[in-house]
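There are 2 protein chains.
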Amino acid sequence: MTEDLDSFTLAEKEGLYKAVFSRRDVRSHFIDKRIPDDILVNILNAAHHAPSVGFSQPWDFILIKNKTTKLKVKQSFTKEREKSIPMLDNDLEKQDKYVKLKLEGILESDINICVTYNPEKFGPFILGRTSIPETGEYSVCCAIQNLWLAARAEGIGVGWVSILSIDDLRKILNIPNHVKPIAYLCLGYVNKFEVRPDLETSGWLKRAILSEVIHFENWNNTEVNGWDDTNTIIQGLDDDPDK
Amino acid sequence: MTEDLDSFTLAEKEGLYKAVFSRRDVRSHFIDKRIPDDILVNILNAAHHAPSVGFSQPWDFILIKNKTTKLKVKQSFTKEREKSIPMLDNDLEKQDKYVKLKLEGILESDINICVTYNPEKFGPFILGRTSIPETGEYSVCCAIQNLWLAARAEGIGVGWVSILSIDDLRKILNIPNHVKPIAYLCLGYVNKFEVRPDLETSGWLKRAILSEVIHFENWNNTEVNGWDDTNTIIQGLDDDPDK
Numbered sequence: 001m002t003e004d005l006d007s008f009t010l011a012e013k014e015g016l017y018k019a020v021f022s023r024r025d026v027r028s029h030f031i032d033k034r035i036p037d038d039i040l041v042n043i044l045n046a047a048h049h050a051p052s053v054g055f056s057q058p059w060d061f062i063l064i065k066n067k068t069t070k071l072k073v074k075q076s077f078t079k080e081r082e083k084s085i086p087m088l089d090n091d092l093e094k095q096d097k098y099v100k101l102k103l104e105g106i107l108e109s110d111i112n113i114c115v116t117y118n119p120e121k122f123g124p125f126i127l128g129r130t131s132i133p134e135t136g137e138y139s140v141c142c143a144i145q146n147l148w149l150a151a152r153a154e155g156i157g158v159g160w161v162s163i164l165s166i167d168d169l170r171k172i173l174n175i176p177n178h179v180k181p182i183a184y185l186c187l188g189y190v191n192k193f194e195v196r197p198d199l200e201t202s203g204w205l206k207r208a209i210l211s212e213v214i215h216f217e218n219w220n221n222t223e224v225n226g227w228d229d230t231n232t233i234i235q236g237l238d239d240d241p242d243k
Numbered sequence: 001m002t003e004d005l006d007s008f009t010l011a012e013k014e015g016l017y018k019a020v021f022s023r024r025d026v027r028s029h030f031i032d033k034r035i036p037d038d039i040l041v042n043i044l045n046a047a048h049h050a051p052s053v054g055f056s057q058p059w060d061f062i063l064i065k066n067k068t069t070k071l072k073v074k075q076s077f078t079k080e081r082e083k084s085i086p087m088l089d090n091d092l093e094k095q096d097k098y099v100k101l102k103l104e105g106i107l108e109s110d111i112n113i114c115v116t117y118n119p120e121k122f123g124p125f126i127l128g129r130t131s132i133p134e135t136g137e138y139s140v141c142c143a144i145q146n147l148w149l150a151a152r153a154e155g156i157g158v159g160w161v162s163i164l165s166i167d168d169l170r171k172i173l174n175i176p177n178h179v180k181p182i183a184y185l186c187l188g189y190v191n192k193f194e195v196r197p198d199l200e201t202s203g204w205l206k207r208a209i210l211s212e213v214i215h216f217e218n219w220n221n222t223e224v225n226g227w228d229d230t231n232t233i234i235q236g237l238d239d240d241p242d243k
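Protein sequence lines correspond, in order, to chains A and B. Sequence positions in the first sequence follow our numbering and run 1 to 243. Sequence positions in the second sequence follow our numbering and run 1 to 243.
It should be emphasised that the hints constitute simulated quantities derived from the structure, not laboratory data. One or more hints might be untrue.
[To be verified] The calculated DSS-like cross-link candidates involving lysine-lysine, where the alpha carbons are at most 25 Å apart (straight line), are: (1) B:192 x B:100; (2) B:171 x B:192; (3) B:192 x B:79; (4) A:100 x A:192; (5) A:180 x B:100; (6) B:121 x A:100; (7) B:102 x A:121; (8) A:121 x B:97; (9) A:72 x A:94; (10) A:121 x B:83; (11) B:121 x A:97.
[Unchecked claim] Label-pair restraints from in silico Cβ distances: (12) B:86 x A:34: 45 to 55 Å; (13) B:125 x A:177: 26 to 36 Å; (14) B:33 x A:238: 34 to 44 Å; (15) B:32 x A:97: 36 to 46 Å; (16) B:97 x A:97: 51 to 61 Å.
Glycine included, C-beta positions come from ideal geometry on N, C-alpha and C.
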């Protein structure tokens, strides 16, 4: 890597933003097409170059193609989803919607990846993890987002299945007790990327406007002086939150 | 957004990988140059378009320029770092190295951003968060990585300061108790991006080779059949882990 990496051409910059804005959590549209080995490795290498607290690189990636394993994970999903349905007993309309949503593509996707966190790697002292231990797990999430964006740039869809039992995953994949599964991802080529998130399209929730999530100087916005121009630009985006 | 978002040109794809591989955790090299409002908003909007469990978008961003606030955060850093030094009493050489490292650029960077997690937003029922509650925090981390990569593409350095007290941050920034600070970021233009992580250059830790973090079918690699070609490509990268 050389100095020319420092500045981005317009097309390169647009590539980054394109991946960010067109990335979707994919549950449908997976097609029967293998991910080439070199593309898969590119995506994994992007994940491996994420930031990590104290350069601890505490992630592992378990790559899964085995149908029996996928079926066991799917069973865990089905069980966990069943358990969650009664939590919506006070809102039967939402419960009905929830039951009908497609929430995973475990069997249809080419490759599943379980991403895990190993707190003992390079430990016990991890620089920067002494005050906030969760920063170890946070590092793994940064790696997952790198993986997701790289996959999108390669035209590969990724779906994060979070309705799973951590204990089931440990058992199915022989993961030691001190290692924590963080994400179970489904990767595969798709026949299309949706323009909006499925949960937005289905009316489950809508995208928050940007100004709702921005605060100036402190949570209560008591010092907005000096932020007028920023605020004006943010509010300009509020008219079209999908932009 | 239209259909042409689906495929990436070579330059666009390279842009994504360039951001991933040249992103650094910046503590030094900040220069005295303001981040333009529109660039700042681009970066925040990229963060806001991260994936989130159940489309819950549970993040908030507190933007900080106020010097008094920055000084209070710096004090929290200094205090927390002091507390961590004795943890290396059994390795005095490493302790000496630790004390000399520059680990934050709170005062030198143009803008600080505290990124927080609000578990109550759109709740109490969050689709996909029923089995693994941590997925809410994980969503915020995906937003942080989007922010980090967008900043890199804009030529702006980001440093994540994790040696801080969550309680101090809550008090300094008037963050309600139910909202959890996830990251404290320092953003600013820099006079250069280092080619390697500071902690790698200083010999603190080295980059793990990719093959160390990849497992086939399960943690114990008992089913490597069918993964030979992938494995060969991964091992090819091991000769130069910085690639």
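Verification of the supplied hints:
Distance check on the hinted pair: residue 192 of chain B and residue 100 of chain B sit about 21 Å apart at the alpha-carbon level, within 25 Å; holds. For the suggested pair residue 171 of chain B and residue 192 of chain B, the alpha carbons sit about 34 Å apart, so the restraint of at most 25 Å is broken. Distance restraint check for residue 192 of chain B and residue 79 of chain B: the Cα-Cα separation of roughly 29 Å exceeds the 25 Å cut-off, and the hinted pair is therefore not satisfied. With a C-alpha separation of about 21 Å, the suggested pairing of residue 100 of chain A with residue 192 of chain A holds against the 25 Å cut-off.
In summary, the hint linking residue 180 of chain A to residue 100 of chain B is not supported, as the alpha carbons are separated by about 33 Å, beyond the 25 Å threshold. The straight-line distance between the Cα atoms of residue 121 of chain B and residue 100 of chain A is roughly 23 Å, inside the 25 Å bound, and the hint therefore holds. Pair hint residue 102 of chain B plus residue 121 of chain A holds up; C-alpha atoms about 23 Å apart against a cutoff of 25 Å. For the hint linking residue 121 of chain A to residue 97 of chain B, the alpha-carbon distance of about 20 Å falls within 25 Å, and the restraint holds.
For the hint linking residue 72 of chain A to residue 94 of chain A, the alpha-carbon distance of about 28 Å lies beyond 25 Å, and the restraint is violated. Of the supplied pair hints, the one linking residue 121 of chain A and residue 83 of chain B holds, its CA atoms being roughly 22 Å apart against a limit of 25 Å. Between residue 121 of chain B and residue 97 of chain A the alpha-carbon distance is near 20 Å, which keeps this suggested pair within the 25 Å criterion. One distance hint, 45 to 55 Å for the beta-carbon pair residue 86 of chain B and residue 34 of chain A, holds here, with the actual separation near 53 Å.
Distance hint for residue 125 of chain B and residue 177 of chain A: a CB-CB separation of about 30 Å, consistent with the stated range 26 to 36 Å. Taking the beta carbon of each, residue 33 of chain B and residue 238 of chain A are about 28 Å apart, not inside 34 to 44 Å as hinted. Between residue 32 of chain B and residue 97 of chain A, the C-beta spacing of about 53 Å breaks the proposed range 36 to 46 Å. For the pair residue 97 of chain B and residue 97 of chain A, the supplied restraint of 51 to 61 Å holds, since their beta-carbon distance comes to about 55 Å.
In terms of the numbered hints stated before, the structure departs from hints 2, 3, 5, 9, 14, 15, listed from lowest to highest.
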